[in-house]
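So the protein sequences, as listed, match chains E and Z.
To convert, note that position 256 of the first sequence is 256 in our numbering; the numbers rise steadily by one, no gaps.
Adding 297 to a residue's 1-based position in the second sequence gives its number in our numbering.
These are calculated hints, taken from the structure and not from any lab test.
In this text, all values refer to a predicted model and were calculated from it rather than measured experimentally.
Every residue, glycine too, gets a C-beta built ideally from N, C-alpha and C.
Keep in mind that the hints are not guaranteed to be accurate.
[As the list claims (entries may be wrong)] In silico PhoX-like pairs for lysine-lysine, Cα to Cα no more than 20 Å straight-line:
| hint | chain 1 | residue 1 | chain 2 | residue 2 |
| --- | --- | --- | --- | --- |
| 1 | E | Lys53 | Z | Lys422 |
| 2 | Z | Lys422 | Z | Lys354 |
| 3 | E | Lys46 | Z | Lys511 |
| 4 | E | Lys144 | E | Lys156 |
| 5 | E | Lys231 | E | Lys249 |
[To be verified] Which chain Z residues stay away from chain E? Per the calculated CB distances, all over 12 Å, these:
| hint | residue |
| --- | --- |
| 6 | Thr334 |
| 7 | Ala350 |
| 8 | Phe358 |
| 9 | Phe362 |
| 10 | Phe367 |
| 11 | Asn380 |
| 12 | Ala486 |
| 13 | Asn521 |
[Said to hold, decoys possible] Below, a sample of chain E positions facing chain Z; criterion: calculated Cβ distance under 10 Å:
| hint | residue |
| --- | --- |
| 14 | Leu119 |
| 15 | Ala127 |
| 16 | Leu265 |
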Amino acid sequence: MKAKARSHGTFQQTLAPLLFLAPNLLIFTLFIVVPALQGIRMSLFKWSLLDGKTFVGFRNFALAFRDPMFWQTLGNTFVYVLAVVPLVLVLSLALALPLSKEGGGAGFFRSVYYMPAMLSLIIVGIAWRWILGFDLGIVNYALKSVGLGPVPWLIKGSMAMTSLVVVTVWTRVGYFMMMFIGGLQAIPSTFYEAARIDGAGRFDIFRRITLPLLRPIVLVVAVLATIEAFKAYELIYVMTQGGPGSSTKLLVQYIYQSAFEEDRLGYASAMSVILLVIIGIFTVIQFAAQRGNYENE
Amino acid sequence: MSRIVRTLLLFLISLIFLFPMLWVLLSALKPQSELFTFPLTFLPAHPTLDNFATAFKSGDFFLYFGNSVFVTVVATLLTVVINVMAGYALSKYYFKGRDFIFYAMIGTLMIPLQAIMVPIFLLLKSMGLLNSLWGIIIPPAASPTGVFLARQYIQTIPNSFIEAARMDGGGEFLIFRRVIVPLATPIIATIAIFSFMWRWNDFLWPFIVITERKNMTLQLALANFVGQFQVNWASLLAMTVVTMIPMVIVFLALQRYFVTGLTAGGVKA
């Protein structure tokens with residue numbers, strides 16, 4: 001703290017930051033901190049809008065561990081996350097590499113690739129449902145005209161999950177590509193020049209210079225993409241409603257269903273706490289892996 | 298040669314990103330009969346605006362549109378004001394607990410709405426904010442990323458500017474308005490644009506808060522239409538196109554701010 005280095009003596013100057021901070025802090029506390037704590041408390045109750053609440057300790061968690069639907073939606077969520085995150089990482093970096101330097105239409109291509117990221121997931125979902133329709137979609141129409149298909153894109157379990165992963169990646173790569181471009185542009189060109197003088201090949205340069213220097217951004221993208229994937233709901237709501245059956249139902253949808261359709265608010269809160277813990281663990285693991293990488297250098 | 302191959306490849310990839318939206322637009326311009334008869338044609342044989350006319354006439358399209366505009370504009374103003382003020386307080390003043398507050402805010406990025414929607418719902422209910430547009434506008438206005446961006450940017454403004462203004466006898470709020478805000482315009486624009494985009498596109502907040510038809514936003518209405526057993530694709534596609542247009546215009550007009558915001562670490566809510 002360099003508190004004494006500044007001339008912040010007057011009463012006004014002590015009060016001012018608190019006033020500047022007050023509106024934000026009030027909303028932040030009321031609508032993030034309080035609900036987060038309340039959610040943890042609720043997870044210990046059998047809580048219903050109709051029948052009121054009873055304290056049940058950790059019984060909601062025990063209930064979840066015996067609930068096949070909890071395990072299925074949790075499993076689906078993991079499949080979704082583990083498919084989306086690596087694809088997003090690799091593809092967004094692959095798109096960023098040729099577009100990090102200006103010129104050659106880089107600005108144009110960046111904008112085009114970014115375009116899906118600024119559309120709402122509702123719109124994206126509607127567009128792809130239209131395209132992937134079984135009878136009337138353009139994709140199956142094109143496949144049929146060359147003697148293939150029709151493919152049950154959204155109406156058969158494993159295929160529906162694949163489609164969701166592909167569409168998710170389609171909407172998000174442009175966004176993360178932009179972050180990688182920012183990271184690539186921050187690497188001083190002298191590093192590359194020196195490597196080239198030393199006779200390093202393109203692949204060597206990528207592996208020895210670009211990738212290590214890009215690590216902080218890789219971490220940020222990995223963490224953001226993981227959190228995003230764990231909270232996925234909108235796209236699925238529009239494209240499959242969790243179906244067919246429960247094959248694309250993710251944990252968030254099950255939480256919503258338990259709370260707002262089945263009036264099991266305590267149970268839904270317990271699953272929310274589990275979701276928060278999982279997101280926390282993944283974030284910590286990614287940070288730890290990052291540090292490990294540095295230490296191995 | 299390799300340059301041509303590279304450009305060609307980048308161009309082919311562009312088609313993957315452009316085609317879906319283009320196909321929605323072209324489909325929206327087709328008369329109902331052409332949408333569902335084979336062979337499908339790429340371009341509409343008889344382009345028409347009928348689907349748009351139907352969408353505007355039936356249902357409450359303009360109501361939803363108005364709600365979306367109101368929420369987006371008011372929420373963006375609120376978001377910019379409170380987050381830039383907070384970013385200023387956390388960067389140019391020294392007080393006890395300052396860093397704790399900052400890191401606590403950043404830490405909550407790990408708490409998505411999806412994980413607290415149940416208590417949020419009860420809280421808004423007890424405050425009488427359910428089914429009110431204010432229930433969508435106020436709660437998500439305190440944005441950790443907004444504070445982060447504002448703080449990082451304002452930190453780069455030299456302290457001497459602020460001290461000089463103090464010497465001249467400027468009050469603290471006047472200094473904020475006359476010195477900080479003008480110098481922070483680029484980051485204010487970035488925060489405003491991302492807030493605009495996020496609010497226009499947001500689905501989950503309205504989904505939790507709003508149940509009455511008259512308070513629905515466009516995204517909520519669209520999701521409702523596509524959730525029906527018999528989807529009326531002709532007018533749904535037209536509505537989708539209209540909902541998309543404001544975002545496309547904002548994006549094309551203000552592209553450079555999108556890049557600034559993203560390279561500064563990524564803004565989302």
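Violations among the numbered hints: 2, 3, 6, 11, 13
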